[in-house]
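Numbering-wise (our numbering), the sequence shown opens with residue 1 and increments by one.
Because the hints were derived from the structure by calculation, they are not lab data. Bear in mind the structure is a predicted one, so any value in this text is a computation, not a measurement. The reader is advised that the hints may include incorrect statements.
[As the list claims (entries may be wrong)] Taking lysine-lysine and the BS3-like style, the derived pairs with C-alpha atoms no more than 30 Å apart in a straight line are:
id: 1; residue 1: Lys-142; residue 2: Lys-84
id: 2; residue 1: Lys-45; residue 2: Lys-172
id: 3; residue 1: Lys-260; residue 2: Lys-211
id: 4; residue 1: Lys-209; residue 2: Lys-260
id: 5; residue 1: Lys-175; residue 2: Lys-209
id: 6; residue 1: Lys-260; residue 2: Lys-24
id: 7; residue 1: Lys-142; residue 2: Lys-211
id: 8; residue 1: Lys-53; residue 2: Lys-209
id: 9; residue 1: Lys-53; residue 2: Lys-132
id: 10; residue 1: Lys-136; residue 2: Lys-53
id: 11; residue 1: Lys-209; residue 2: Lys-187
id: 12; residue 1: Lys-202; residue 2: Lys-260
id: 13; residue 1: Lys-8; residue 2: Lys-84
id: 14; residue 1: Lys-45; residue 2: Lys-187
id: 15; residue 1: Lys-132; residue 2: Lys-142
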Amino acid sequence: SSIKRGDKAQAHVDQHYQSFDDIKAQGLDALIITGAHIEEADLQKAPFYDQLKEVIEWSYDNITSTLCSCLATHAVLEFRYGQKRQAIGEKCWGVFPHQVLDRQHPLMSGVNTCFDVPHSRFNEISKAQFDKAGVKILVDSKVGAHLCVSEDLLRIVFFQGHPEYDTISLLKEYKREVISFLNKDRKDYPSFPSNYLSPQNKAILNEFKTKLLDGEFNINDFPEALISQTLGNTWHDATSGIINNWIGCVYQVTHEDINKPFMDGIDPNDPLNLK
1 SSIKRGDKAQ
11 AHVDQHYQSF
21 DDIKAQGLDA
31 LIITGAHIEE
41 ADLQKAPFYD
51 QLKEVIEWSY
61 DNITSTLCSC
71 LATHAVLEFR
81 YGQKRQAIGE
91 KCWGVFPHQV
101 LDRQHPLMSG
111 VNTCFDVPHS
121 RFNEISKAQF
131 DKAGVKILVD
141 SKVGAHLCVS
151 EDLLRIVFFQ
161 GHPEYDTISL
171 LKEYKREVIS
181 FLNKDRKDYP
191 SFPSNYLSPQ
201 NKAILNEFKT
211 KLLDGEFNIN
221 DFPEALISQT
231 LGNTWHDATS
241 GIINNWIGCV
251 YQVTHEDINK
261 PFMDGIDPND
271 PLNLK
């Protein structure tokens, strides 16, 4: 592996994870590739670049459908379509309203036409880049396209946001950014994620900031438990619907032989017969 880990982390990986060689040997019907906390826009500088490229290239020819989240979406757009992500300056961070553009696609069956999605990224693939790649945008927002599908409308599903986030994920990220400030890994104290915290929660966190900077508090006094109790979640139900629809689409067209991605007679260029 290209990732250097501590003994405890490596032991966890050894116990709970399979190697890519084992996965290739046993086969998969579907695959989810998650993101990673990499601020650098140039993915070639990521320590896992070559391995990720290998997984992406293998998955397209051997798996019915691959779902990519955030950085994985950016990687596929670069590897397969030649569209490199661009830095956006200030971090796109918070919970944002989204609109369904194509209500007829099976992934959107039973899903609200408007719903929220968390985003947390320093980089983006623009709508123009998705269009240039021939990728179809299903769900859009003012902060960028969120849910897209490859030109065949199933084999690659792209999330640019983080619909998988727990209710407290952005709070934990905020705490991580505070720690980065204390460690002098960032110059400024972090701003709040957009559309996520109530006025009361912001007041609590501002009081913590004041006492932290005055030396009265340290990071162990961060009011995570207090704030976690009052956070709302406005994205889980829509996300569950989309994921369930995705699994259903895969089940419809995948071959019973796990080494074959599609049933006999299914057109790989239009597996859902939508064109």
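CA of Lys-209 to CA of Lys-260, is that 30 Å or under? With Cα atoms ~55 Å apart, Lys-209 and Lys-260 exceed 30 Å; violated.
Are the Cα atoms of Lys-136 and Lys-53 separated by 30 Å or less? 22 Å, holds
Are the Cα positions of Lys-202 and Lys-260 separated by 30 Å at most? 52 Å, violated
Next pair to validate is Lys-142 with Lys-84; report whether the Cα-Cα distance is within 30 Å. Distance ~20 Å between Lys-142 and Lys-84 Cα, so the pair holds.
Checking one constraint from the list: CA of Lys-53 to CA of Lys-132, max 30 Å. Satisfied? 21 Å, holds
Keeping to a limit of 30 Å between CA atoms, is the pair of Lys-45 and Lys-187 held or broken? Distance of about 23 Å is within 30 Å: holds.
Holds or violated: Lys-260 with Lys-211, Cα cutoff 30 Å? 60 Å, violated
Given the hint that Lys-260 pairs with Lys-24, does the C-alpha gap stay at or below 30 Å? 12 Å, holds
Holds or violated: Lys-175 with Lys-209, Cα cutoff 30 Å? Holds, at roughly 11 Å.
Would you mind confirming whether the straight-line C-alpha gap from Lys-142 to Lys-211 stays at or under 30 Å? 36 Å, violated
Is Lys-8 within 30 Å of Lys-84, Cα to Cα? 35 Å, violated
Against the 30 Å threshold, does the CA-CA distance of Lys-132 and Lys-142 hold or violate the hint? 19 Å, holds
The structure is inconsistent with the numbered hints 3, 4, 7, 8, 12, 13, although it conforms to all the rest.
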